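Can you build the whole structure from these sequences, using the hints too?
Number of protein chains: 2
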Amino acid sequence: MRASRFFISTLKDAPSDAEIVSHQLMMRAGMIKRLGSGIYTYMPTGLRVIRKVEAIIRDEMNKAGGIELLMPLVQPAELWQETGRWEKMGPELMRVKDRHGREYAIQPTSEEVITDVVRSEIKSYRQLPLNFYHIQTKFRDERRPRFGLMRGREFTMKDAYSFDRDEASMKASYKIMYDAYTAIFNRFGLTFRAVAADNGAIGGSGSHEFHVIASTGEDAIVYCPTSDYAANMEAAEALPLAAARAAATAPLTKTATPGATKCEAVAEMLKLPLNQTVKTIALTVEKEVAGKQVLENWMLLLRGDHDLNEIKVGKVPGLAGHRFATEAEILACYGSIPGYLGPIGTKQPVTIVADRTVANMADFVCGANEEGFHYTGANWVRDLPEGLVADLRNVVEGDASPDGKGVLAIERGIEVGHVFQLGTSYSESMKATFLDENGKPAPLQMGCYGIGVTRILGAAIEQNFDDKGIIWPAAIAPFEVVLCPMGMDRSEMVKTEVESLYAALQAAGVDVIVDDRGLRPGAMFADWELIGVPHRVVIGERGLKEGNLEYQGRRDLEATAVPVAGMALFIKGKLSQ
Amino acid sequence: MRASRFFISTLKDAPSDAEIVSHQLMMRAGMIKRLGSGIYTYMPTGLRVIRKVEAIIRDEMNKAGGIELLMPLVQPAELWQETGRWEKMGPELMRVKDRHGREYAIQPTSEEVITDVVRSEIKSYRQLPLNFYHIQTKFRDERRPRFGLMRGREFTMKDAYSFDRDEASMKASYKIMYDAYTAIFNRFGLTFRAVAADNGAIGGSGSHEFHVIASTGEDAIVYCPTSDYAANMEAAEALPLAAARAAATAPLTKTATPGATKCEAVAEMLKLPLNQTVKTIALTVEKEVAGKQVLENWMLLLRGDHDLNEIKVGKVPGLAGHRFATEAEILACYGSIPGYLGPIGTKQPVTIVADRTVANMADFVCGANEEGFHYTGANWVRDLPEGLVADLRNVVEGDASPDGKGVLAIERGIEVGHVFQLGTSYSESMKATFLDENGKPAPLQMGCYGIGVTRILGAAIEQNFDDKGIIWPAAIAPFEVVLCPMGMDRSEMVKTEVESLYAALQAAGVDVIVDDRGLRPGAMFADWELIGVPHRVVIGERGLKEGNLEYQGRRDLEATAVPVAGMALFIKGKLSQ
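Line by line, the protein sequences give chains C and G.
The first sequence begins at 1 in our numbering and counts up one residue at a time.
The second sequence begins at 1 in our numbering and counts up one residue at a time.
Rather than coming from a laboratory, the hints here were simulated on the basis of the structure.
Hints may contain errors.
One copy or any two copies: either way a pair holds, since identical chains are not told apart in the list.
As the list claims (entries may be wrong) - Pairs of lysine-lysine, PhoX-like flavour, derived with a Cα cap of 25 angstroms: (1) Lys495 <-> Lys63; (2) Lys12 <-> Lys123; (3) Lys254 <-> Lys12; (4) Lys405 <-> Lys468; (5) Lys171 <-> Lys440; (6) Lys572 <-> Lys123; (7) Lys545 <-> Lys63; (8) Lys545 <-> Lys440; (9) Lys171 <-> Lys63; (10) Lys431 <-> Lys88; (11) Lys254 <-> Lys271; (12) Lys574 <-> Lys254; (13) Lys63 <-> Lys287; (14) Lys440 <-> Lys315; (15) Lys12 <-> Lys468; (16) Lys347 <-> Lys287; (17) Lys574 <-> Lys88; (18) Lys63 <-> Lys175; (19) Lys171 <-> Lys431.
Predicted model, so just to flag it, every value in this text is computed and none were measured.
Next up, the structure:
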């Protein structure tokens with residue numbers, strides 16, 4: 001490519017609405033252009049990166065037995081109604097009516113359509129397993145689009161769907177995709193981590209997220225540096241901090257704590273460590289029993305310095321449909337205003353669930369169900385009966401790893417891929433069956449697998465930038481190498497060498513751009529550092545007279561002189577590293 | 001590719017709603033799958049063809065200096081309001097509201113967005129010319145989607161937009177695109193014709209359509225076999241059939257023609273040839289003059305056997321906003337009911353426009369403006385004043401070519417590409433200007449250039465099929481070559497040779513598929529003939545024992561024995577033809 005035939009448009013300053021570095025740098029490097037809220041035109045430089053990302057994904061998906069097709073953007077509402085997602089998805093699902101008033105979804109994902117394709121195509125177990133994928137524009141009407149391509153409304157996603165005859169085979173297909181994803185993110189040249197994840201609303205039984213590691217990442221991910229345990233914060237299991245409960249040593253004492261409604265204030269007032277306090281969270285579950293609405297009171301107990309993990313709460317048997325109790329409900333149940341609640345002496349019966357750590361505490365502090373009072377020296381069995389125990393909290397740095405092989409660390413990540421074991425939730429609601437070995441219809445076992453193609457760009461930049469701009473890994477850089485001639489229009493010598501090196505690199509299959517725009521060196525270098533091309537060669541008369549060209553890697557602090565004749569090989573060597 | 005790792009799903013019969021052969025064959029070959037009205041999933045075999053079409057387009061667009069970007073599908077209504085197309089496009093433009101009630105168009109084309117991109121990026125004539133393109137999903141809410149990919153609602157289009165400093169430069173950019181389109185359609189291996197076209201609603205000053213020639217084509221296209229004249233029916237110029245007017249020989253005679261309201265009936269009743277009759281078409285033009293609405297009466301005269309060309313009528317000065325006259329208007333103006341109208345003796349003044357051929361007629365028959373009567377022997381000058389003359393009719397086979405180099409022929413075509421000289425219509429309404437050499441702002445001169453990517457598939461099939469199925473040109477075939485082993489599972493000899501030939505062809509860059517599904521020969525051959533792979537090699541024990549493989553081209557009536565060792569080279573030879 002010659003820069004004079006390409007379109008390069010860089011900016012000194014990022015627009016004020018660009019809050020994060022990847023958004024700022026993509027705008028400044030002229031990779032994207034905002035059209036509307038969360039909607040971007042991918043400019044030529046940005047599109048080149050997208051195409052390279054797509055090519056790597058496609059190659060690895062094909063190697064893993066994926067079969068590419070292309071499903072429509074505009075999808076009939078009827079299919080989405082079959083699975084109930086037409087209602088469930090809410091305003092995130094962009095809906096449109098055609099001239100005849102028929103309703104359609106603009107696809108945010110394609111489970112319904114692929115299941116519809118497969119239910120009409122697959123008759124027998126002999127046709128299985130199958131894995132279909134497509135790389136297609138998606139739309140999700142985010143409430144608050146932001147961060148450029150990181151949380152856009154229109155974006156490109158690769159979504160794959162596997163179909164198997166039984167769970168074991170589905171898990172094997174899932175493993176193949178997990179491995180393919182690992183290969184894909186390795187080829188991108190990004191530091192990433194696969195973590196166990198909660199399945200969330202999509203249903204099913206197992207799932208992993210792939211995160212690009214970046215200090216600016218939205219998500220906290222948990223891992224054990226001395227084992228292969230890794231999970232996202234929602235899914236990371238918290239073990240009890242003490243293996244067993246200590247014996248009670250203090251008497252249960254009602255203590256005045258006027259105005260102290262938070263554990264921190266109570267601990268400070270009583271001069272006790274925060275980790276001896278217990279906080280109470282009052283929940284309500286609405287149930288229908290024999291046609292009548294019944295309210296159940298539930299109470300969660302968490303150590304004062306721990307954070308509640310709502311995903312885990314939702315998994316406690318009986319708490320799937322919980323909500324926080326209202327102030328009126330709290331007054332009726334506990335006889336106290338919030339801030340002083342506790343498990344001892346409630347007015348109405350309450351089902352108590354203690355976090356694993358709380359269940360092993362002794363001599364703890366908790367609310368006394370009376371405004372302005374807490375108990376100190378509370379102990380299980382002696383002062384209150386042992387109740388249900390569950391993992392209710394977020395892990396913290398230094399917790400024991402659930403696999404027993406070390407302690408947990410936490411880092412920040414950006415979710416760029418997600419693999420799910422869907423099981424039969426879609427195939428059952430859409431009646432997608434096949435005939436098994438015995439000629440009996442059985443629902444297809446499904447998996448689904450997504451990669452946020454355009455999001456990769458943002459994540460790669462959040463992980464790889466400096467004060468000059470982006471630093472692309474070579475595999476997904478818009479160009480691998482830029483040739484910067486000094487005074488090409490004045491020097492025949494420079495011109496000849498540029499053309500010769502350009503031809504040699506192209507012949508070697510290197511993706512190279514010559515900057516023939518005639519800019520002065522400072523502006524030219526600044527452009528390419530901002531755009532983030534990983535390898536730069538400067539061709540100048542002074543060097544040429546000594547038989548040299550100047551090479552500088554994007555992360556190098558200084559240039560290296562390389563003999564003219566050896567440059568093409570030198571570059572090939574750099575690219576194969 | 002191995003068929004066992006691909007997805008092949010063929011049908012004996014096409015669904016009943018598939019009216020044309022390309023739709024039937026694409027459904028039967030498993031290339032597309034209907035999701036909704038005019039909305040299709042591109043199945044793996046179909047997608048391979050689409051990708052090949054796209055790759056050829058991309059390659060030639062890049063060679064021609066086009067710069068690829070990707071514009072969004074969902075485009076803010078405000079941009080479409082700037083050009084007035086939000087209103088003008090009517091229900092074909094699919095509109096959608098987001099969760100905040102903001103309106104968007106789902107792009108049917110991207111003039112507005114690219115003009116918006118360019119107006120903010122282009123400051124100076126030094127940045128011009130520029131040509132941006134993208135290959136993207138489009139949506140057009142057709143009133144009656146039909147014919148599979150031929151007139152779908154969701155489809156893929158390549159649209160390019162050129163920006164120039166002046167008209168001469170714009171015309172040069174247009175010529176480059178015209179040539180690139182010629183190269184593209186040649187590379188597809190399709191018989192096509194570029195024809196001059198009317199610009200239609202898109203505005204501007206010049207345009208050509210690219211048609212794939214097929215007897216089932218929707219459009220009539222006109223060409224001169226002995227010159228390079230070619231135009232579509234709307235644009236093809238009709239010369240007068242006689243070079244000069246003959247002298248009057250018959251007297252003007254009012255003749256009873258009771259019940260004969262059509263030229264055919266009049267000619268039959270009077271025993272005169274149809275080409276001596278003239279038909280009258282009454283038009284009305286509504287105008288505002290000094291704030292008052294005024295109705296103008298216009299009359300078109302056409303020879304009895306000719307068809308009116310409404311596009312041409314709209315181009316007659318004064319007739320841009322015409323409509324057909326109502327019966328009440330006709331009665332008031334002519335004093336007669338329709339069917340007996342004529343240019344002689346109208347009640348109100350009428351502006352008469354004669355088709356070029358009518359202007360040179362003598363002794364003709366026309367209505368007498370009295371129910372049940374026509375004139376015979378009507379002659380210009382003697383019986384009625386010479387009026388305006390214009391080209392008003394469709395050409396017919398055998399008409400003189402407007403370039404004077406032969407006579408016109410007519411064939412059927414399918415429009416697959418269109419190039420337009422847009423001029424400044426979009427840049428003026430959107431205020432897309434640049435600073436010229438004198439530092440003065442001037443509107444950008446634009447061109448736009450479309451290729452219907454998915455439509456190419458339908459058009460290629462309409463041109464290339466037989467009773468067995470599709471016959472793809474090799475350049476866009478889903479696979480170039482299929483290897484059909486006979487009893488691969490039973491014969492080690494067959495298996496070894498299949499693998500060896502597969503490896504040799506792959507190494508030679510041939511897109512080859514091995515049918516390792518284990519079907520019996522009849523079913524296997526029928527599948528590949530239906531899918532339309534252009535080259536087939538059969539590997540069987542019998543042939544191998546004689547040192548031969550069997551080659552058969554998709555259009556060949558018989559197979560050819562080719563020595564085993566020479567097959568790879570033989571195939572390469574076939575593909576380079």
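Hint check:
no., hint, result
1, Lys495 <-> Lys63, "between (43 angstroms within a copy, 22 angstroms between copies)"
2, Lys12 <-> Lys123, "between (59 angstroms within a copy, 16 angstroms between copies)"
3, Lys254 <-> Lys12, "neither (64 angstroms within a copy, 84 angstroms between copies)"
4, Lys405 <-> Lys468, "neither (41 angstroms within a copy, 65 angstroms between copies)"
5, Lys171 <-> Lys440, "within (22 angstroms within a copy, 67 angstroms between copies)"
6, Lys572 <-> Lys123, "neither (50 angstroms within a copy, 39 angstroms between copies)"
7, Lys545 <-> Lys63, "neither (49 angstroms within a copy, 35 angstroms between copies)"
8, Lys545 <-> Lys440, "neither (81 angstroms within a copy, 45 angstroms between copies)"
9, Lys171 <-> Lys63, "within (18 angstroms within a copy, 47 angstroms between copies)"
10, Lys431 <-> Lys88, "within (19 angstroms within a copy, 44 angstroms between copies)"
11, Lys254 <-> Lys271, "within (15 angstroms within a copy, 122 angstroms between copies)"
12, Lys574 <-> Lys254, "neither (71 angstroms within a copy, 95 angstroms between copies)"
13, Lys63 <-> Lys287, "neither (50 angstroms within a copy, 68 angstroms between copies)"
14, Lys440 <-> Lys315, "neither (34 angstroms within a copy, 69 angstroms between copies)"
15, Lys12 <-> Lys468, "within (11 angstroms within a copy, 62 angstroms between copies)"
16, Lys347 <-> Lys287, "within (20 angstroms within a copy, 86 angstroms between copies)"
17, Lys574 <-> Lys88, "neither (51 angstroms within a copy, 56 angstroms between copies)"
18, Lys63 <-> Lys175, "within (14 angstroms within a copy, 43 angstroms between copies)"
19, Lys171 <-> Lys431, "within (21 angstroms within a copy, 58 angstroms between copies)"
Checked against the numbered hints above, the structure breaks hints 3, 4, 6, 7, 8, 12, 13, 14 and 17 and satisfies the rest.
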